[in-house]
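**Student:** Its first residue numbered 1, the sequence shown is counted upward by one per residue in full-length UniProt numbering.
You may find that some hints are simply not true.
Said to hold, decoys possible - With a cut-off of at most 27 Å between alpha-carbon atoms, the simulated DSSO-like pairs for lysine-lysine come out as follows: (1) Lys218 to Lys233; (2) Lys84 to Lys99; (3) Lys158 to Lys218; (4) Lys217 to Lys233; (5) Lys234 to Lys218; (6) Lys214 to Lys198; (7) Lys217 to Lys158; (8) Lys76 to Lys44; (9) Lys99 to Lys76; (10) Lys80 to Lys99.
Since the hints were derived computationally from the structure, they do not count as laboratory data.
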Amino acid sequence: MSYRDLRNFTEMMRALGYTRLISMENFRNPNFQLVAEILIWLVKRFDPDSDIPSEFETEQDRVLLVRSAAQFMASKANIKLNTKRLYQADGYAVRELLKATSVLYSALRVNVTALGDDTSSVSSPVDISSKIHELAQTRQLTSQITAKGAGLYDLLGKEVEMRELRNLRISRQLEMAEVEASVRQALETVKMEIANTKQLMENVSASEANLDSKIEKKRTELERNQKRLQTLKKVRPAFMEEFERLEVELQQLYQDYLVRFRCLAYLEQQQDDAEQAEHERMQARQAHTKKLLEQMRQEDRSLDGSGDLFEPGEVKDGDEISKLGVGKASRVRIKTASGVMRKASAAGQQTRRVFGSMNAPPDEDDDSGSLDSDSDLLLDGEGSELLGSEEEDEVEVDVAVNKDKKSTSRVHQEHSDDDF
């Protein structure tokens, strides 16, 4: 698009009488609305009776409009338009529109040149948009003329038969008596219709009077009932005082009921709160008790683990005790303590033997006495189970003492020369 093409197009459209002013900036960006209006206006200038779609809201409508305009220009004005450029609606569309406007503008210039300088004979361009109403009326009249012509043609086709019947009726001689009889019959018919109409009017009048009397009667009854109502309103009923008294008592009872209901609801709420608080305290107490029990169990486990601080032989006795199937922590603790006591006595015997003591080893009665002293350590309420397993403890102690004796005799034999 060049500046000259755009300027020529705007000047030609202004000269052709286009109603809208076209600016130089209208085609900087695609403007399909303006291009569509110009196409429709140009087609109407070439042929006012042409049928071209005027809707361009959707894509299908725009394509149909551009295609119809291009076909019209090609068939009527022998102008080939590029539909793709027209659909772009930018500067390239101006070149395509300029082809049609150039033809119209050249025809206008030829007409002006042929008429010479007589400007008065130059007619102003016809504005088709202002003649739309007249066009609609013309089309309506055309359709009416067509219908009337068709009807007239049918009637003319029947004229041959109608002419014979008309001539027959005209040629027939009318008798005066027959005519008078027909007239009298028509008069009688009219009189009967008049009488019926008068009777209907009288009936209407009677009905109106009857309705007026009924309305008056109803109005009288209404006034009487209104007076009776006013009288009843003025008279105070006999039971009204008792009704008012009972109403006051009922109001007082209702107030008492509300107060008691509120108090009862408050007390129920307080009771629920107290039960909730007691429940929470019980839960806290149970949790505290569980915590103390857990601490005691942990202390018992720590005391059970303290047995590892003794000699390997002592750990062996603890393992033997665990093999006996004692599940309770108190039983394991008592067995461990008794084992420690036995080990201490055995260690005392070994010491005495090393330094040349000639005393005999302690009797089994002493061990049983130590076991009796160890039985006093029952703390967890499981004395029945521990007392029941006392014989097992004695067996274990005997085994341990025998092992200690063997180890002591071996040590004594090895170091027997050191005594001298």
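**Student:** Against this structure, judge whether each hint is valid.
**Tutor:** Status of each hint after checking the structure:
Pair hint Lys218 plus Lys233 holds up; C-alpha atoms about 22 Å apart against a cutoff of 27 Å. For the proposed pair Lys84 and Lys99, the alpha carbon gap of about 15 Å is at most 27 Å, so the pair holds. Taking the CA atoms of Lys158 and Lys218, the gap is near 68 Å; set against the 27 Å cutoff, the hint is violated. Of the pairs offered as hints, the one joining Lys217 and Lys233 holds, with about 24 Å between alpha carbons and a cut-off of 27 Å not exceeded.
Between Lys234 and Lys218, the direct Cα distance comes to roughly 25 Å. Compliance with the 27 Å bound is thereby established for this hinted pair. Restraint check: the Cα-Cα separation between Lys214 and Lys198 comes to about 24 Å, which is no more than 27 Å; the hinted pair holds. Restraint check for Lys217 and Lys158: the C-alpha separation of about 68 Å exceeds 27 Å, so the hint is violated. A threshold of 27 Å between alpha carbons decides the hint, and for Lys76 with Lys44 the separation of about 12 Å falls inside it, so the pair holds.
Annotation: proposed proximity of Lys99 to Lys76 holds, straight-line Cα distance about 14 Å (limit 27 Å). Between Lys80 and Lys99 the alpha-carbon distance is near 8 Å, which keeps this suggested pair within the 27 Å criterion.
In this structure, the hints that do not hold are numbers 3 and 7, in rising order.
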